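Build out the structure end to end from the sequences listed, making use of the hints.
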Amino acid sequence: MDLILDIKNLTMNFGGLKALDGVNLHIRQGEIAALIGPNGAGKTTLFNCLTGIYAPSSGDILLYQPGAKPKRLNGLKINTITSLGVARTFQNIRLFGGMTVLENVMIGRHARSKSGILGAIFRPPATRVEEKAIVDKSYAILEYIDLAPYVNELAKNLPYGAQRRLEIARALATEPRLLLLDEPAAGMNPQETRELEGLLVRLQADHELSILLIEHDMKLVMNLARNIFVLDYGEEIARGTPLEIRHNPAVIKAYLGEEADAEIG
Amino acid sequence: MKYAPELKRSATIALWLILLTFPIMVIQVNTIENIVVWRWMNIAGVGTVAFVLSFLWQIYQHRKTESPLPVSAHLPAFQRLLADPKLYRPMLIFIAAFALVFPFTASHYQINIMSTALIYIMLGLGLNIEVGLAGLLDLGYVAFYAVGAYSYALLNYHFGLGFWTLLPAGALLAAFFGILVGFPVLRLRGDYLAIVTLAFAEILRLVLENWNALSFGPSGISNIPRPGLFGIELTLEQSAVYMYFLLIALCLLTIFVIYRLQHSRIGRAWVALREDELACQAMGIDKTRAKLTAFALGATWAGMAGVLFAAKTTFINPASFTFMESAMILAIVVLGGMGSIVGVIIAALAIILLPEYLRVLGDYRMLLFGAALIGMMVFRPRGLITPSSRTYVFQPSEHQERT
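Going down the list, the protein sequences come from chains A and B. Under the working numbering, the first residue of the first sequence carries the number 1, and numbering increases by one thereafter. Under the working numbering, the first residue of the second sequence carries the number 266, and numbering increases by one thereafter.
In short, the hints are calculated from the structure, not lab data. Do not rely on the hints blindly, as some may be mistaken.
Claimed, not checked - In the BS3-like style, the derived pairs of lysine-lysine whose C-alpha atoms are separated by at most 27 Å in a straight line are: (1) A:Lys132 <-> B:Lys552; (2) A:Lys137 <-> B:Lys552; (3) A:Lys114 <-> A:Lys71; (4) B:Lys552 <-> A:Lys156; (5) A:Lys77 <-> B:Lys552; (6) A:Lys156 <-> B:Lys329.
Claimed, not checked - One-sided excerpt, in silico: chain B residues whose CB lies under 7 Å from chain A: (7) Val522; (8) Leu526; (9) Ser529; (10) Ala534; (11) Ala544; (12) Ala547; (13) Ser654.
If you're wondering where the values come from, they're calculated on a predicted model, not measured in any experiment. Where is the CB? At the ideal position from N, CA and C, for every residue including glycine.
Okay, structure coming up:
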C-alpha cells in the first residue's frame with residue numbers, strides 16, 4: 001500500500017534536551033497506526049513537530065499527496081499543514097468553550113472555504129451558498145459523530161466524553177487525509193472507550209482516513225492499530241504489529257522497568 | 266437555625282468593618298480643647314448597617330443558588346426583550362422616531378452631546394472588533410482616532426481636500442496604521458499586547474505634541490471646515506443638526522457592517538482566535554491574517570470617528586487623544602458586554618451622557634459615576650448584555666437553517 005506519511009530521522013532539541021532523537025515512522029494510506037510509550041517519551045512532541053507547532057531541529061517529515069510530489073512539512077505554518085490535509089486533536093481538550101458545538105465544527109470548515117471581508121459585508125450569493133454549505137456540512141458531521149442533540153449547546157457545557165468526540169468532529173471538518181489523535185480515550189469510561197473504538201473503525205472505513213493515535217489504553221491500541229511504534233526517551237525502541245509489540249522485551253522493559261517479565265495488553 | 270452560617274459570616278464582616286473604620290469613625294481629636302472625643306455611637310451604626318446589608322446580600326445569593334432557573338430565564342429581563350420580535354420591533358420604531366425628532370426639539374447643547382455620544386458608539390463598536398471579538402486587548406485605540414482626526418485636519422489644511430474625500434481617506438490611513446501596529450505585536454497576547462499598544466498611542470501623541478512642523482504642536486489646528494451639504498451655507502445650529510444626522514447614518518452603517526462581519530466566516534475566526542489561539546490555527550485559520558484584519562478593521566472605524574470628531578469640533582490638538590480616551594472607549598466595550606453590539610451602544614450612551622446629565626449634582630457627579638461603574642462590575646461582571654450565540658434549528662437528516 002502507498003505511504004501517506006514518512007518521517008525520517010526526526011530530531012527535536014530543546015536546548016540541551018533531545019525530546020526526539022532520530023525517530024523514523026511511516027503510515028500507509030488508510031491505516032490506523034498507534035504511537036505509544038511511557039509519559040515523557042516524546043509522543044506529543046512528535047505530533048507538535050508534525051503539525052507545525054514546533055519546527056524540527058533536523059530530519060524530514062514527508063506528506064504524500066495524490067498525484068503530486070511528497071510535501072516536506074518541516075517548518076510550515078500550522079494552518080498551512082491543516083490545509084494540506086493533516087488534522088489533530090489535543091491531549092488536553094482545546095475546544096472553543098464559549099462557542100456552540102455547531103460553531104466549533106464550523107470553524108473547522110475555515111480552511112475549506114474562502115469568503116473574505118467584502119463577502120462578509122455584502123453577502124453576495126456565492127457567500128450565502130458557501131455559508132449554508134458550511135452549516136449543512138458541519139451539521140452532517142455532528143450527526144455522523146452522534147453529537148447532533150448538542151448542536152446549540154456551548155462546547156464547555158458538554159460532558160467530558162462528548163467534548164473529546166467534538167474535538168474529533170472539529171478535526172474532521174477540515175477534511176483531513178491524515179488524522180492525528182492525541183489520547184482520545186483519556187478520561188473516558190469503558191463504555192465511552194468502546195464507542196470511540198467503533199467510531200474510529202467507522203471513520204477509517206467510510207472516509208479511507210489514515211489515523212495516527214497516541215494512546216495509553218492498551219486494549220484500544222491493540223484492537224485498532226495495525227502498526228504500532230513505541231517511543232522511549234525520544235528514541236524509537238520498537239515497531240510492529242500488536243502481537244510483536246506485546247512480546248517485545250524492550251517495550252516491556254520500558255513500561256514495567258528492569259526486572260519485570262510480564263507482558264502488556 | 267436556617268441561616269446560621271450566613272449570620273456568622275455577616276457578623277464577621279461587620280466586626281471586620283468596625284475594626285477597619287475605627288480610627289476615622291470613632292476617634293476624633295478636638296484640637297481646640299485638646300481632648301479626644303470617642304464617638305462610640307458611630308461604630309454601632311457602622312456595625313449594624315454592615316451586618317444588615319451583608320446578611321440581606323447573602324440571603325439573596327442563597328436564594329439564587331437554591332432555585333435553579335431554566336437557561337432562558339437566566340437572561341436578564343432586558344435581554345429577553347431583545348430576543349422577542351413582538352417586543353423589540355415597537356421599541357426600535359420608538360427609538361427611530363426619537364432619533365428623528367430629537368434634533369428639532371432639543372437645544373444646541375443637547376444635540377452636541379448626543380453627537381459626541383454617537384461618535385463614541387462608533388469608537389466602541391470599532392474597538393469591539395479588536396477586544397470583544399478577536400480578544401486583542403488594545404489600550405492604544407485612541408491612536409487610530411487621532412490618525413483619523415489629524416488626516417482630515419492636515420490634508421484639508423495643506424491640500425484643501427474636502428470632508429467627503431477625507432472621510433474614506435482617514436479611515437484607510439487609520440487601517441494602514443492598524444496594520445502597522447499589528448505587525449510587531451503579532452506574537453504578543455494579553456497584557457503584553459496591551460502594553461505595546463499603549464506605548465504606540467503614547468508615542469503618537471508625543472509626536473503630535475512635539476513635531477510642530479507637522480502637527481502644529483500643542484496649539485493644535487483650528488478652523489477645520491464642517492462637512493458641506495451641496496455647497497449650502499449652514500448656520501451653526503443647522504450644521505449641528507446636519508452633523509447629528511450624518512453621525513446617525515454612519516452609526517447605522519457601522520452597526521450593519523459589524524453585524525455582518527460578526528456573523529461571517531471571518532467573525533467566527535476572530536472569536537476562535539480569542540478562545541484558543543493554538544486550536545484556532547490547527548483548524549486552518551491563518552493567525553497573522555486574522556489578527557491583522559481585526560486590527561485594520563477596528564482601526565478603520567476609529568479613523569472615521571476621528572474625521573467626524575475633527576469636523577464636528579473644528580479644532581483638534583493632542584490633548585484630545587490621551588490615554589484617558591482609550592480607557593473610556595475600553596470601558597464602553599467592557600461595560601456593554603464584550604462582543605455585543607447592542608450592549609456597546611447602550612454603554613456608550615450611558616458613559617457619555619450620564620456625566621453630562623449628572624451635572625446638576627455638581628462635584629458628586631464623578632463620584633456617582635464611579636459608583637455606578639463599580640456596581641455594574643459587581644452585579645453584571647460580563648457586561649450589560651451577554652452576547653448570545655446564534656441558534657440553528659435543524660430537522661434531522663434534512664437540515665434547514667432558520668436563524
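Status of the hints after comparison with the structure:
no.: 1; hint: A:Lys132 <-> B:Lys552; verdict: holds (24 Å)
no.: 2; hint: A:Lys137 <-> B:Lys552; verdict: holds (24 Å)
no.: 3; hint: A:Lys114 <-> A:Lys71; verdict: holds (23 Å)
no.: 4; hint: B:Lys552 <-> A:Lys156; verdict: holds (23 Å)
no.: 5; hint: A:Lys77 <-> B:Lys552; verdict: holds (10 Å)
no.: 6; hint: A:Lys156 <-> B:Lys329; verdict: holds (22 Å)
no.: 7; hint: Val522; verdict: holds (5 Å)
no.: 8; hint: Leu526; verdict: holds (5 Å)
no.: 9; hint: Ser529; verdict: holds (3 Å)
no.: 10; hint: Ala534; verdict: holds (6 Å)
no.: 11; hint: Ala544; verdict: holds (4 Å)
no.: 12; hint: Ala547; verdict: holds (6 Å)
no.: 13; hint: Ser654; verdict: holds (5 Å)
Checked against the numbered hints listed earlier, the structure breaks none of them; every hint is satisfied.
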